[in-house]
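Asker: The sequence shown begins at 13 in our numbering and counts up one residue at a time.
If you are wondering where the hints come from, they were derived from the structure by calculation, not from laboratory data.
Estimated spans, in silico, between C-beta atoms of each pair:
id	residue 1	residue 2	range
1	P70	R101	33 to 43 angstroms
2	R102	D23	39 to 49 angstroms
3	D98	R45	54 to 64 angstroms
4	P106	R85	28 to 38 angstroms
5	A113	D23	53 to 63 angstroms
6	E34	V79	22 to 32 angstroms
7	L100	R28	43 to 53 angstroms
8	G64	T89	46 to 56 angstroms
9	E82	W122	55 to 65 angstroms
10	L61	D23	11 to 21 angstroms
11	G64	E40	22 to 32 angstroms
12	R37	V79	23 to 33 angstroms
13	A47	P70	33 to 43 angstroms
14	A27	A113	57 to 67 angstroms
These numbers were taken from a predicted model, which means no experiment stands behind them. For every residue, glycine included, the Cβ atom is placed at its ideal position computed from N, Cα and C.
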Amino acid sequence: MKPETHDDWIDEVAARRLTREERERWRESMAARPAERRRLERELALNDLLDGHRPAPPVSGNFVSRVLAEATRPAPTRSVGGVVADWLRRLALPRVAAFAALALAVGAGWWGIDSRRQERMARGAVEVVRASAGIDAQSLVDFDAVRRLDTAAKPDDDALIVALAQ
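Let the hints inform the model, and build the full structure from the sequences given.
Answerer: This is how it looks when you write it as structure tokens:
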């Protein structure tokens with residue numbers, strides 16, 4: 013099993029620009045460990061390369077105070093009304109869309125049923141017109157003429173007449 017290597021020095025070397033004295037101190041501390049010393053030199057060379065090609069980021073004068081103020085600011089609290097409004101907003105759109113689709117389906121079904129009902133009524137009216145084509149209006153007023161139209165009473169009608177007569 014390999015012993016663990018302590019690479020804490022890499023974080024310290026890579027975190028910021030080192031002064032000349034700090035670099036020499038690190039080199040002296042790594043003198044007894046050649047592999048670590050080579051790694052240190054590669055890290056310092058990489059830092060020099062990166063620092064030479066990238067400009068320092070501009071930082072405002074009150075950067076620290078702004079960061080501290082933001083860190084210490086309490087989290088915004090939301091009222092119950094705000095939470096309910098967010099919940100409704102999140103769920104309202106899908107529910108409204110589902111309701112609209114359902115209403116559209118029901119409306120289309122109702123329209124189909126109603127159009128078939130109207131079609132049956134129109135066919136019935138056509139049959140009545142065809143049946144009464146040879147009969148004039150005066151003959152329908154006369155009770156005997158209506159009786160001669162060959163209409164037979166249904167058993168339910170007879171039962172209803174008997175029940176009403178009692």
